[in-house]
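Undergrad: Sequence:
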Amino acid sequence: HSPLKILHQLLEDPKISFVGISNWPLDAAKMNRVIMHQIPPMTTEELTKTALKMMEHYQENLKLCGEELKNEWLKSEIENIAKVYDQVIRTPNAFEPMKKKNFFGARDFYSLVRYQLQSPSYNLSLEGFMRNFGGIPREDLLRNLGDIFYNVLAFSKEEVYKKMSKFTPMYCVQRNLLDTRTNNSKLLGDNYIVSRHCMVISELEHSWQVLLENGILKYDDVFLFKSEFAHDQTSSISDYEHLNKVINCMDTGKRVILYNLDSIYESLYDMLNQRYQKKPSGKN
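Take the sequence shown: its letters are residues 1 to 284, numbered as in the working numbering.
Since no wrong hints were added, every one of them can be taken at face value.
Cβ pair distances, simulated, as ranges:
#1 LYS101 - GLY66: 44 to 50 Å
#2 ILE89 - GLU203: 23 to 29 Å
#3 ASP270 - ASN102: 18 to 24 Å
#4 SER76 - ASP221: 39 to 45 Å
#5 GLU60 - HIS206: 44 to 50 Å
#6 LYS63 - LYS101: 39 to 45 Å
#7 SER156 - LYS99: 29 to 35 Å
#8 GLU72 - GLU96: 32 to 38 Å
#9 MET31 - LYS218: 49 to 55 Å
#10 LEU52 - ASN102: 22 to 28 Å
#11 LYS218 - GLU96: 30 to 36 Å
#12 SER195 - HIS57: 17 to 23 Å
#13 ASN32 - SER121: 50 to 56 Å
#14 LEU11 - ASP262: 28 to 34 Å
Honestly, the hints are just simulated from the structure, not real lab data. In this text, a Cβ means the ideal position worked out from N, Cα and C, and glycines have one as well.
Start from the sequences and build out the full structure, keeping to the hints where you can.
TA: What follows is the structure in structure tokens.
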């Protein structure tokens, strides 16, 4: 429960230089032995500049392919997109499902910008916002995010509700799973795919079955469940088997659904943060 305790030993002899990256706050016992570089949350201006650089890089790649940006109004919209994100992370208690702080972060903003790079203006559709800021109870989302749209995007409350109501959680999950990068994509070497690793949070014990019944998942997808056998609870063999199956699914391009596999989620953290590319040999 105190993972940073391991630093105590590393900060003593022998004196070996290393760089540590942590989302956990450091206490005085560690701070007085290291040089600490702390990165505060970005301001709206910094978010806007970052998004503009992403857009410029994307435009350069499109020109090489003889194409143009789909959203010609994006440059003028980026500042408002940054303001929406800033209000989301700074509105206390409104976007903290199950009292989990920092539920949304910079990666949600970057994913939203990537989505808008390949999509129409937010004046036509709020799908990008709904897909990247979901995960909280529907009524809370419509109310809290709707208020931000009303204040920042200058939509009327009736217009906000009408636009948001189209994008149910089921629809957003389905759209995310349908977004796949094709092998003949002109931007194959770039990380501008808009879909994300999808996490479904539900109080339903068989939420995966609901997705099956609605045609969002397929019966030939790979489903991995937490084992309830006593021996598996105390052995790591089952975890290794699940991890090998995940690796195999990545290698063969099959969709895999993990259900209540808390014991292996930490092992997948690094993999889920990789930048995927397909090499000429066909290997990922």
